[in-house]
Amino acid sequence: MRPDADEEEEKPKSHSFWLLAATALATSIDALAVGIGLAFVDVNIWVAALAIGLATMTMATIGVMLGRLIGTAIGQKAEILGGLVLIGVGAAILYEHTM
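Note that this note's numbering has the sequence shown beginning at 837, numbered continuously upward.
It cannot be assumed that every hint is accurate.
Unchecked claim - Restraint ranges, calculated between C-beta atoms of paired labels, are given here: (1) Thr908 - Ala875: 39 to 47 Å; (2) Gly924 - Thr859: 15 to 23 Å; (3) Ile929 - Leu886: 34 to 42 Å.
It should be emphasised that the hints constitute simulated quantities derived from the structure, not laboratory data.
No residue lacks a Cβ here, since even glycine has one placed at the ideal position from N, Cα and C.
Generate the whole structure from the sequences, applying the supplied hints.
If you want it as structure tokens, here you go:
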């Protein structure tokens with residue numbers, strides 16, 4: 837039995853290969869910067885890696901769960917807001933280090 841058209845869930849849009857590749861490159865550059873930064877700080881690398889891994893796992897899990905709940909309602913608006921927040925954080929860091 838097939839559900840009515842109104843009841844069918846809308847399939848999420850798939851992203852292009854180039855968008856995914858650019859995201860992967862940006863993530864790799866970010867990880868490289870963190871790795872280089874940790875090399876200059878006197879920290880126990882195992883403790884730092886464990887803390888980073890646990891924080892990443894926790895935030896990614898929460899993000900996926902929230903995204904599934906509210907993604908259809910405010911999906912594109914949330915993407916724009918997230919991009920603006922990241923631009924703001926980057927601008928604040930740039931301002932702090934150049935002034």
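query = Tell me, which hint numbers fail for this structure?
reply = Those not satisfied come down to hint 3.
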